[in-house]
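Q: Each chain is listed here by its residues.
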Amino acid sequence: MQLFSQDIMVHQLTTHSFQQLDPLTVRRLERLGIRPGSQLTVIRQYPFHGPVILQVDQQQIALRYPVFQALIGGA
Amino acid sequence: MATIALLGNPNTGKTTLFNELTDKYAYVGNWTGVTVEKKMGQLTDSETMVVDLPGIYSLNPLTKDEAVATDYLLTGHPDLILNVTNAGQLKRNLLLTIELLESGIPVVLALNMLDDLQQSPFLFDLPTLAEWLHCQVKGTNARSKQGIAALHANLLQSLDHSAVSPALTLPYPEPVAHAIDATTQALQATHPELPRDFTRWLIIQYMAQNQTIRDYAQRQQLTALTHQTAAFDQQNFEDHIFQTRLTFIEQTLQAARRPNPAMQPNQLTQRIDRWVTHPLLGIPIFIGIFWLMFKLSFDWIGTPASNLLNAWLSGPVTATANHLLSSWGTLPFLQSLLVNGILDGVGGVLTFVPQIFVLFACISALEDSGYMARAALVTDRLMQMIGLNGKSFIPLIIGFGCNVTGVMATRTIEQPKERLVTILISPFMSCSARLPIYSLFVAAFFSRHQAVIVLSLYFLGIVVALVMAKIYQLAFRLKRSSTFMIELPKYHVPRLDIILQGTWDKGKGFVKKAGTVIFAGTVLIWLLSNLSWHGPVTDIDQSLAATLGKLLLPLFIPLGVRSWEVVSALLTGVMAKEIITASMIVLFHLTGRTALVATFSGLFTPLSAYCLLVFILLYIPCFSTLATIKAETGSTKWMVYSAGSSFVIAYGLAVLIYQVGSLFL
Ligand SMILES: Nc1nc2c(ncn2[C@@H]2O[C@H](COP(=O)(O)OP(=O)(O)OP(=O)(O)O)[C@@H](O)[C@H]2O)c(=O)[nH]1
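Just so you know, the sequences run in chain order A and B. Sequential numbering of the first sequence, starting at 4, is according to this note's numbering. Sequential numbering of the second sequence, starting at 98, is according to this note's numbering.
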């Protein structure tokens with residue numbers, strides 16, 4: 004059952020500045036409680052740059068990989 | 098008469114609370130965007146009206162349904178706001194609360210979903226919250242009806258003392274505070290009729306770049322505001338305001354937070370999501386769930402129940418009606434209208450109630466469980482390829498119930514073009530009204546694989562929708578958007594009462610239609626089939642329906658249709674798709690479904706039957722859907738386009754399948 008045990012890789016991250024994101028996306032993230040400096044827990048990451056499931060303040064949120072990348076400061 | 102407005106973040110339980118507090122029921126679902134239009138009800142045991150508004154994260158709208166809420170605050174003049182929050186996510190929910198408190202309209206804050214909070218390491222002290230926020234705070238668990246009575250009493254009480262509570266004033270930093278004061282004075286000078294709190298609130302919203310408020314100020318010519326736009330924006334007031342609010346929220350929560358001695362962590366959501374959102378298994382599980390839904394509706398429960406109902410209606414009920422009418426000496430013409438027209442036609446459609454209700458019960462259970470958001474997640478990849486996102490998938494699934502609600506549910510989509518595309522492809526979703534006709538043909542020609550054939554039509558609808566979306570993506574030059582974001586709510590074990598209510602809510606429209614549109618359509622087609630230009634006819638071949646059907650028949654021969662009755666039935670189907678079935682029953686002069694099935698085997702081959710179903714699946718949306726498309730796009734052009742394009746697609750595809758199929762079969 005390798006397949007099912009390795010995919011849930013919980014790790015904590017802190018968001019960086021949101022400069023790479025457009026203002027609309029930033030506003031949308033703010034509404035979901037994600038701001039620069041927020042603590043995120045990555046719950047699940049889909050392969051091949053698919054969606055990412057995050058946990059912020061007890062709430063799970065799914066978003067697309069490029070936004071996730073921008074959040075954690077990678078390009 | 099006093100009015101209470103229900104406001105809060107999406108999926109916090111507003112609609113559930115609304116239903117508990119009022120005598121009227123509204124639609125509930127465990128995903129964002131269930132309430133797309135405001136709903137009104139009367140507070141139990143009082144004269145007070147309660148308005149349920151769409152869920153919003155802030156008063157600054159990003160989507161069309163969010164704008165409904167802000168507009169309502171500007172124009173609806175509620176006496177009291179009931180702000181519903183998810184107690185487990187207060188930090189985020191309070192951002193909206195502050196915006197509401199600043200308005201000066203009295204607010205009662207409901208911390209809903211207390212049961213979810215119990216599972217977390219912290220609780221909140223309600224009196225402390227009330228003290229910090231200057232408003233009444235009540236804890237509720239709407240799902241298990243806890244705290245409702247206290248909230249109800251509190252609402253009535255608050256309405257009585259509404260004048261006393263002052264608006265919340267936050268300590269905004271110097272430049273902002275100064276600008277607020279100066280602008281308030283300027284505005285009060287030019288517009289003394291505006292209440293002071295409301296003026297302050299307008300200014301703060303204006304500074305925070307709320308587009309609805311900016312448009313409002315423009316319309317009302319509030320020049321004290323409109324002339325300062327650039328100054329506000331250059332000094333980054335929006336940011337300052339946001340930061341101040343956030344700091345205030347953190348301080349408030351810090352003061353009110355208490356450790357939870359009886360924390361009971363609940364692993365249900367995690368356990369289910371281990372499988373359901375699995376990268377590889379997510380899609381197969383999604384398909385499996387839908388397969389199960391169709392099996393239940395068509396093979397296991399729906400169809401057998403339908404058959405029983407049909408046997409009863411076309412047997413004893415028809416015989417009794419005939420017997421009674423004859424013994425009363427009813428005119429033959431009238432008796433035929435009543436029995437062969439209305440009873441057979443409307444009754445024929447009503448026999449599909451079990452299948453439709455089972456399907457709706459499944460959709461309601463999925464909605465209440467929290468699965469829909471996961472469906473959006475696992476389908477996001479697919480939707481991304483056609484320029485849409487997973488959120489577009491939800492309106493499409495709702496379209497399976499009824500295309501009208503599907504089109505309305507697109508309001509949660511932020512990008513106008515994505516929304517338009519979703520509206521245009523929604524009618525390809527096979528709504529419940531088309532089910533009766535599928536069931537008929539499937540019973541006649543594919544009795545051994547009923548669920549599979551019906552499922553194939555549903556999938557064909559989806560495929561056509563996706564292909565069209567891709568074409569629109571290219572035509573409208575939709576950018577590949579990266580803005581898919583969706584909350585994954587906690588799972589709930591679906592509750593029977595909520596499922597039943599949801600099923601009835603979705604299904605009652607179908608039953609009601611049987612009494613109105615289908616009834617009217619049946620009478621119309623009966624008249625058409627019994628009248629000619631020169632008066633009543635006994636030979637249906639001379640009737641108006643026949644004349645019309647025969648005129649258009651050549652057009653349908655390429656897709657394997659050989660009888661004018663079918664063509665006439667298709668024409669009436671534009672009124673409402675259910676009428677196709679009723680019309681066929683009337684036109685073929687049959688008693689119920691069993692006889693119709695026998696007649697069909699002489700007129701169709703399995704191939705031509707399937708092609709006809711494909712045509713019915715895709716051709717012109719019904720009148721109500723067209724009207725909704727017009728209302729939602731605000732343009733007659735798109736409505737006409739939708740009707741025209743779907744006819745062309747339906748015709749093209751049905752002819753193609755028939756012609757290619759004929760080569761092999
Ligand atoms: N656990 C729990 N669930 C609740 C509670 N109140 C409502 N729910 C559930 O939360 C889900 C969302 O409820 P709705 O009433 O549709 O929420 P809403 O705020 O009206 O949603 P939108 O109209 O989309 O903004 C449903 O599945 C409810 O059964 C509660 O107190 N506790």
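Please note: incorrect hints may appear among the correct ones.
Stated by the list, open to error - Covered, in the sense of this in silico footprint (three residues per stretch, anywhere, with C-beta under 8 Å from a C-beta of chain B), are these stretches of chain A:
(1) 31-45
(2) 48-59
(3) 62-68
In short, the hints are calculated from the structure, not lab data. Virtual Cβ for every residue (Gly too), placed ideally from N, Cα, C.
Q: Cut-off 8 Å, C-beta pairs, minimum 3 residues; does the coverage of the segment 31-45 of chain A by chain B stand?
A: holds (count 7)
Q: Taking a Cβ-to-Cβ distance below 8 Å as contact, does the segment 62-68 of chain A have at least three residues touching chain B?
A: Result for this restraint: holds, n = 6.
Q: Please check whether the segment 48-59 of chain A has three or more residues whose CB lies within less than 8 Å of a CB on chain B.
A: holds (count 5)
Comparing the model with each numbered hint stated earlier shows that all of them hold.
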